[in-house]
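Spelled out from the first residue to the last, the chains are:
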Amino acid sequence: MTVQTRRSECEEIVRRLWPYIDGKLPDSDRERVTRHLEECVACLSHFDFARAFLEAVHEACPAEKDDEALRARVLAALADEGFSAAE
Amino acid sequence: MAQTTDPSIPFAPSAANDRDRDFAATALPLLPNVKRFALSLTRNEADADDIVQETYLRAYRYWGTFAAGTDCRRWLVTVCRNTFNDLVQRQAKSVAVEDDELESLATARAHNAVVAAGLGDMYSRLDLGPAIQKAIAQLDPNFRDVVVLSDVEGFSYEQIAEMLDVPLGTVRSRLFRARRQLQESLMVYALDAGFGRPQSGQRASSMEKKT
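If you're matching them up, the sequences are chains A and B in order. One rule links them: number in our numbering = place in the first sequence (from 1) + 64. One rule links them: number in our numbering = place in the second sequence (from 1) + 29.
Chain A extracted, bound-state conformation (with noise of 0.2 Å):
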């Protein structure tokens, strides 16, 4: 493969980026793409860069947690509506 090939193939591997990290792409196009990264670690670089980019994004959110002052609240307006909790 000329370096030329090389570099057309990795723009259509890059090209297909977060849809292939997202698992939306056609099983054909997602097997090109697994195989192509078993062998190339320039894209695999870019790849592992978007997954971690990714990761950091999830983490950086803040996780669910219980408010009980923020449910008294809600209950309390709630109740006002005519709801009832039947606990």
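Relax, there's no trap hidden among the hints.
Straight-line distance between alpha carbons at most 25 Å, and here's what the computed SDA-like set of lysine to any residue pairs gives: (1) A:K129 to B:T107; (2) A:K129 to B:L60; (3) A:K129 to B:F52.
What follows is a list of derived Cβ distance ranges for each label pair: (4) A:A127 to B:S185: 19 to 25 Å; (5) B:D100 to A:V105: 39 to 45 Å; (6) A:A149 to B:P196: 37 to 43 Å.
I should point out that these hints are in silico values taken from the structure, not numbers from a laboratory. A virtual CB, placed ideally from N, CA and C, is assigned to each residue, including glycine.
Fit chain B to the supplied structure of chain A, relying on the hints for placement.
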């Protein structure tokens, strides 16, 4: 005991009780999820609490429109987003549809710039949490909604398209563009904080991840 029903009462007591029990069992346990989503919209605890309260009031009033057995978190998040939009009277902006593949390509090029700046390991090396939250908040609302629904809340492209009432292609375009903008913001942030190669001796050690 047999119950009598009075047709003059809009909600017969037993029906109202069933409705309330259903609401309490299905919608109320999702309050932490709704709160987190509201926080991602407002970035302010007090405003988020107001949004959550209004969301639950609307959800209760329109509980009859929720299809039992479907995804209640998705329904509540949609109500929450609409509530937020109504409260801030946000106008939907038309956003030019970008080429999805070009956004992927631009992301890879941005990665090359990051590596050249000595920041190739920035996500593992730096604590970027606050910077990521700030960067998300600064996105155009149309982009922010999609990236939060996808990358924080974990909804699929198809679910987001339905929730936002936009075509699937628009979801993809906005998502990829939002991710690229976030990556660029984080790179600028890391460089400004002195983590790039030229200023490697001036690192702000408080941002380094504890290992």
